[in-house]
Amino acid sequence: MTYEAVIGLEVHVQLKTETKLFCGCRNEFGAEPNSHVCPVCLGLPGALPVPNEEAVIKTILTGLMMGSSIRARAKFDRKNYFYPDMPKNYQISQYDQPLCLEGGVNLPVLAFPKDAQKEEQALAGKRVRLVRIHLEEDVGKSFHLENCSGIDFNRAGTPLMEIVTEADLTTPEEAFALLTTIREILRYGKVSDVDMEKGQLRCDVNISVRPVGTEAFGTKREIKNLNSISAVRRALKHEIQTQIHLVSSGGTVVQQTLRWDDARGETIPMRTKEQAHDYRYFPDPDLLPIRTEGRLRTEAERRMPELPETKKGRLCQTYGLSEYQASVLASDPPLAEYFEEAARSTRHPLPLANLVLNDYLALRQEDPGQVPVPAEYLGELADLQSEGTLNSRQTREVLAILIQTPRPPKEIAKERGLTQISDSQVLEAFCREAISANPKSVADFKGGKSAAINALKGFVMKKTRGQANPQRIHELLESLLREP
Amino acid sequence: MSFAFSTIQELRKQLLAKEVHPKELVESLLDRISSVDSRIKAYNYLHPERALEAAEKADVSLPLGGVPIAVKDLISVRGEPCTCSSRLLEGYIAPYDATVIERLRGAGAILLGRTNMDEFAMGSSTENSAWGVTRNPWDLSRVPGGSSGGSAAAVAAHEAIAALGSDTGGSIRQPAAFCGCVGLKPTYGRVSRYGLTAFASSLDQIGPLTKTVADAALLLEIIAGEDSRDNTCEPEPAPSFSAKLGEEIRGMTLGVPKEYFVSGIDPEVEAAMQKAIAHLEGLGATLREISLPHTSYSIATYYLVATAEASANLARFDGMRYGRRAPGCDDLLETYGRTRDEGFGREVKRRILLGTYSLSSGYYDAYYLRAQKVRMRIREDFLTAFRDCQAIVTPTSPMPAFRLGERTEDPLQMYLADIFTIAVNLAGLCAISVPCGFTQSGLPIGLQIIGPMWKEETVLQVGYAYEQSTNWHTRRPSLGQG
Numbered sequence: 013m014t015y016e017a018v019i020g021l022e023v024h025v026q027l028k029t030e031t032k033l034f035c036g037c038r039n040e041f042g043a044e045p046n047s048h049v050c051p052v053c054l055g056l057p058g059a060l061p062v063p064n065e066e067a068v069i070k071t072i073l074t075g076l077m078m079g080s081s082i083r084a085r086a087k088f089d090r091k092n093y094f095y096p097d098m099p100k101n102y103q104i105s106q107y108d109q110p111l112c113l114e115g116g117v118n119l120p121v122l123a124f125p126k127d128a129q130k131e132e133q134a135l136a137g138k139r140v141r142l143v144r145i146h147l148e149e150d151v152g153k154s155f156h157l158e159n160c161s162g163i164d165f166n167r168a169g170t171p172l173m174e175i176v177t178e179a180d181l182t183t184p185e186e187a188f189a190l191l192t193t194i195r196e197i198l199r200y201g202k203v204s205d206v207d208m209e210k211g212q213l214r215c216d217v218n219i220s221v222r223p224v225g226t227e228a229f230g231t232k233r234e235i236k237n238l239n240s241i242s243a244v245r246r247a248l249k250h251e252i253q254t255q256i257h258l259v260s261s262g263g264t265v266v267q268q269t270l271r272w273d274d275a276r277g278e279t280i281p282m283r284t285k286e287q288a289h290d291y292r293y294f295p296d297p298d299l300l301p302i303r304t305e306g307r308l309r310t311e312a313e314r315r316m317p318e319l320p321e322t323k324k325g326r327l328c329q330t331y332g333l334s335e336y337q338a339s340v341l342a343s344d345p346p347l348a349e350y351f352e353e354a355a356r357s358t359r360h361p362l363p364l365a366n367l368v369l370n371d372y373l374a375l376r377q378e379d380p381g382q383v384p385v386p387a388e389y390l391g392e393l394a395d396l397q398s399e400g401t402l403n404s405r406q407t408r409e410v411l412a413i414l415i416q417t418p419r420p421p422k423e424i425a426k427e428r429g430l431t432q433i434s435d436s437q438v439l440e441a442f443c444r445e446a447i448s449a450n451p452k453s454v455a456d457f458k459g460g461k462s463a464a465i466n467a468l469k470g471f472v473m474k475k476t477r478g479q480a481n482p483q484r485i486h487e488l489l490e491s492l493l494r495e496p
Numbered sequence: 047m048s049f050a051f052s053t054i055q056e057l058r059k060q061l062l063a064k065e066v067h068p069k070e071l072v073e074s075l076l077d078r079i080s081s082v083d084s085r086i087k088a089y090n091y092l093h094p095e096r097a098l099e100a101a102e103k104a105d106v107s108l109p110l111g112g113v114p115i116a117v118k119d120l121i122s123v124r125g126e127p128c129t130c131s132s133r134l135l136e137g138y139i140a141p142y143d144a145t146v147i148e149r150l151r152g153a154g155a156i157l158l159g160r161t162n163m164d165e166f167a168m169g170s171s172t173e174n175s176a177w178g179v180t181r182n183p184w185d186l187s188r189v190p191g192g193s194s195g196g197s198a199a200a201v202a203a204h205e206a207i208a209a210l211g212s213d214t215g216g217s218i219r220q221p222a223a224f225c226g227c228v229g230l231k232p233t234y235g236r237v238s239r240y241g242l243t244a245f246a247s248s249l250d251q252i253g254p255l256t257k258t259v260a261d262a263a264l265l266l267e268i269i270a271g272e273d274s275r276d277n278t279c280e281p282e283p284a285p286s287f288s289a290k291l292g293e294e295i296r297g298m299t300l301g302v303p304k305e306y307f308v309s310g311i312d313p314e315v316e317a318a319m320q321k322a323i324a325h326l327e328g329l330g331a332t333l334r335e336i337s338l339p340h341t342s343y344s345i346a347t348y349y350l351v352a353t354a355e356a357s358a359n360l361a362r363f364d365g366m367r368y369g370r371r372a373p374g375c376d377d378l379l380e381t382y383g384r385t386r387d388e389g390f391g392r393e394v395k396r397r398i399l400l401g402t403y404s405l406s407s408g409y410y411d412a413y414y415l416r417a418q419k420v421r422m423r424i425r426e427d428f429l430t431a432f433r434d435c436q437a438i439v440t441p442t443s444p445m446p447a448f449r450l451g452e453r454t455e456d457p458l459q460m461y462l463a464d465i466f467t468i469a470v471n472l473a474g475l476c477a478i479s480v481p482c483g484f485t486q487s488g489l490p491i492g493l494q495i496i497g498p499m500w501k502e503e504t505v506l507q508v509g510y511a512y513e514q515s516t517n518w519h520t521r522r523p524s525l526g527q528g
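Protein chains in written order, with my numbering: chain X, 13 to 496; chain W, 47 to 528.
These aren't lab readings, by the way, just hints derived from the structure by calculation.
The beta carbon of each residue, even a glycine, is placed where N, CA and C say it ideally should be.
Beta-carbon label-pair distances, calculated as ranges: (1) X:283 - W:374: 24 to 30 Å; (2) X:315 - W:292: 53 to 59 Å; (3) X:315 - W:272: 26 to 32 Å; (4) W:377 - X:250: 26 to 32 Å.
Let the sequences and hints guide you as you build the complete structure.
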């Protein structure tokens, strides 16, 4: 019997806001421990929460970007459990009236891991449905020292958005693709920086297995708090194998909550069903219900960006780019914007795309501190190359100078004497000189070694200090050598 | 005669006329406290030096400039303890001012000290205090009521000019009635709760305990109004509550709920009530019988809603970040368990357990959710009643102050002490208790005037008209008077 996995995700995203969800403390990573705290986020007696509208707007915007329906009325609830990193011993979350319901995310091929992009699952263009998106407060961070533990409450009360998917996923690669896609959408909406290093995206996964072709779900187990997309893939791979092995050897899966040890590559049980919490959710009497209609929703709609999928399609259509080029540009919205600005000052957008994606990006990586090049100069440079004024080596040379001291590329080319010689009469003279100076190569070529022409081309390039149009020299040499 | 016996209004005149300096005033209160508080025990905490220092610098041109105010020990005052009369908060020093405290300071008031209460405001007698009981100034063998018993006793014994209390089910009005002073529970949302240690968030309100209705209006004016730090606070500035004081009540219709006069009312309380009704009629008001059909459900509803909220509100008291932590625990669970076991008193534990139970999975619909539905019905009862009257009059409490220890063994009997006040909180209304007589043995009796939401002006107007045409409020307990 063959088995398939059924996977659902709960994705926690730290929202990018100036202040925390219910108080005025700064929402900042990496500050001195317990430096961004106040009576509210420390849960002191008498302190009260006041919702941060920016976090609510960003959650609504996420819902709009993912095709969710936005509830006209949402509310906050208290989720009760004791833990030292949670100052009130209840977490303000949303239980039965979250801000966003349903929606879905399409999985594009290039969101899959590179080694899986050719597989059928990547090509299927699957849509993963969402159950809900809600807003809650994050907890503090515990540090376990030698003889005691310490807690940093800077993170306590920062806004955390939870995206819950249907159990629509069947492979670790799909989970990987979903997270990659979600991350891209969130960056588009400027909802979160989604920086994994800073724990801005954390994920709980629910997994069960069942024989292929059956409908009923198997018993699920949950792996909590995975903090990178690749860890999700590894943990799922391990857990699916474990469950299939268990079931196919006659065992049963016991409902359990697990933790993933990425270094050891294994899951560690946290608690079983019997130990499951009763969170005793009830509406938070300190907070009024949220009315999203009107100002909040209008503001979210105003911020609605062009989505990654739409942008890719438009880049392909408008500029004739390949899907790959469009995807790379779309994955970096500021770069895409830069490209489109440059494209307005060129007649050759496709060579411009190559210039941006290969040479410009490479140079920018070498020297991240360089001065930004005005986009129109890049467009002009693409024209100079495409229309034969500069060859590709010269183009790179101009670009390197352009990046240091931005000036019109035509000026740079002129100063440096970098103009491609395409004039046939001039080039023919150089070619004749090459032929008479290299009798051996000429003989080789005539004896059938066609590669020998390269030595002659090299001679001409050297004589012209690299300015000759290589295509033209090649044509000229061939016709001269074939002269009877 | 000592300035301690004055009202805010009287003192304001004297302060402005420079007939008294704020420092003299504070000194005479401190004298009074030192002569009577060993018998009453109204205060948990006093800081004479700080009060005298503030009096020295007081700006008498401000609305409460130089007037000392006592504060119930569950409202946060920067740099001072806020124990909520609980062992669990022993050692906690509040690092911030509640909104009402900011406003008192802004109005020039002098913070005198912190008054005793039932632990975390849970109780009706101030017997549930970790720091010992407060006694009724009219009879030291009796309770002052609760939970704001310390505030009421301090005002009644003239150890304070006025005080702040908090009212979740009657905790301002019932002790005001027991101690013979004025207690006002504002409309839910009228006064910011920021800085008020929460018992039941959807019911709690801070309000004044004073010697006169006019003082209650004055104090409410200072503390009420919008506050961006409390999401449930009205988003409007407060009106002038003194505006209608002195306007006659002729032509006004007052409702008398028939369900409040069935059984269990002390005969002396009932007699005083009938006289008060006759008196109000004499002032030209029309008294009319009304019905509040869901009255009998209010205690059960209250004890589900309030305890559910309390079970979450009190979860934060775990000894981790502040307060008293049980020493010598080996692990986290033991620390939680022992800290809360040693820190909370019996009544608090009882209510946490009850609230936790009613929110538990499988019970939520039958208890908490149903209680919320009944709460809506109770609210509708009042909405309907207020179509036919401008205010409702009832006794504040079915009995006068009971003896210390009389009801501590029977929680249900204790809960019944709040039977006339609880529905007001469930419905979010405003109400005032004013003195309306004394029993044969000299115990005060209170008249409750209930108004629709945001109609404090009306209850103050009726209360003022009654007070000014009677002299109950001028009596003083014999205790150490002189």
